[in-house]
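Residue numbers for the sequence shown, in our numbering: 6 to 240.
Because the hints were derived from the structure by calculation, they are not lab data.
Among the hints, erroneous ones may be present.
[Stated by the list, open to error] Restricting the straight-line Cα-Cα distance to at most 30 angstroms, the calculated cross-link-like pairs of lysine-lysine (BS3-like) are:
no., residue 1, residue 2
1, K73, K38
2, K121, K147
3, K106, K216
4, K134, K111
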Amino acid sequence: EYLVHSFRNGASWISELSCIVFDEIHQIIKNWKLEEAITYALELGIPILGLSATLPSYEDIAHWINAKLLIYSEWRPTELIRDTMPLKDFKEIEGYEERDKKLASKLFNALFELSKSDEQVILFVPTKKLGWQLLEVAKDEKVGIMNKTLPFEVEGEREPEIAFHNADVPKEEREEIEQAFREGRLKKLVATQTLAYGVNLPADRVIVMVKGIYERGKVRTIPDILDILQMEGRA
């Protein structure tokens with residue numbers, strides 16, 4: 006956004022640019038500001054380097070920016086094995102009346118049933134509200150929570166087994182959670198899509214809750230396919 010603003014207003018430092026690196030260039034599909042920034046760069050003849058791990062139409066964008074070099078690779082350090090399971094296959098925990106809490110309890114069961122004891126697992130949820138409710142279910146099930154800043158009370162201390170990573174968690178606390186997961190001290194991590202971008206946090210298994218919505222005879226997913234690809238990239 007700052008780059009686009011600077012282009013629009015003819016900022017003096019623009020003339021000093023020798024190259025622009027656009028990381029996550031696939032966001033052009035959803036973010037018109039990125040398209041505008043690239044258009045300005047093309048008009049001014051500023052060389053562009055575009056990077057993406059999940060760009061579906063890479064040849065089209067390469068043609069549009071008149072790329073002199075296109076590097077495409079299917080290399081992956083480990084094999085990715087995909088599986089799809091209906092959430093209804095997992096039981097909800099008894100005692101919850103709210104619809105969202107019932108859903109959170111199913112996700113809690115899915116997280117623990119699909120995870121092996123020695124695996125580090127990330128569960129992506131579509132909303133912060135659902136993530137906090139899942140953590141509250143964990144509290145009710147006597148599972149240790151690493152988060153300190155919580156929207157509910159926790160009695161007693163237990164060895165942390167699970168944490169929730171989202172943009173509202175204080176920065177120092179987020180970094181502490183990331184470090185614990187990276188070092189293997191934390192095995193189960195619930196996260197919103199903010200963790201799918203810009204954080205190098207490999208996991209043995211990634212679980213993504215995908216919701217289908219019917220609109221005008223078509224189905225769209227939440228999260229969308231680009232975000233799902235980014236999320237599974239943590240595996």
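Evaluation of the provided hints:
1. K73 - K38: Cα-Cα ~24 angstroms, so holds.
2. K121 - K147: At roughly 19 angstroms apart (the allowed maximum being 30 angstroms), K147 and K121 satisfy the hint.
3. K106 - K216: holds, 16 angstroms
4. K134 - K111: Holds - the C-alpha atoms of K111 and K134 are around 15 angstroms apart, at most 30 angstroms.
This entry satisfies every hint, going by the numbered hints stated previously.
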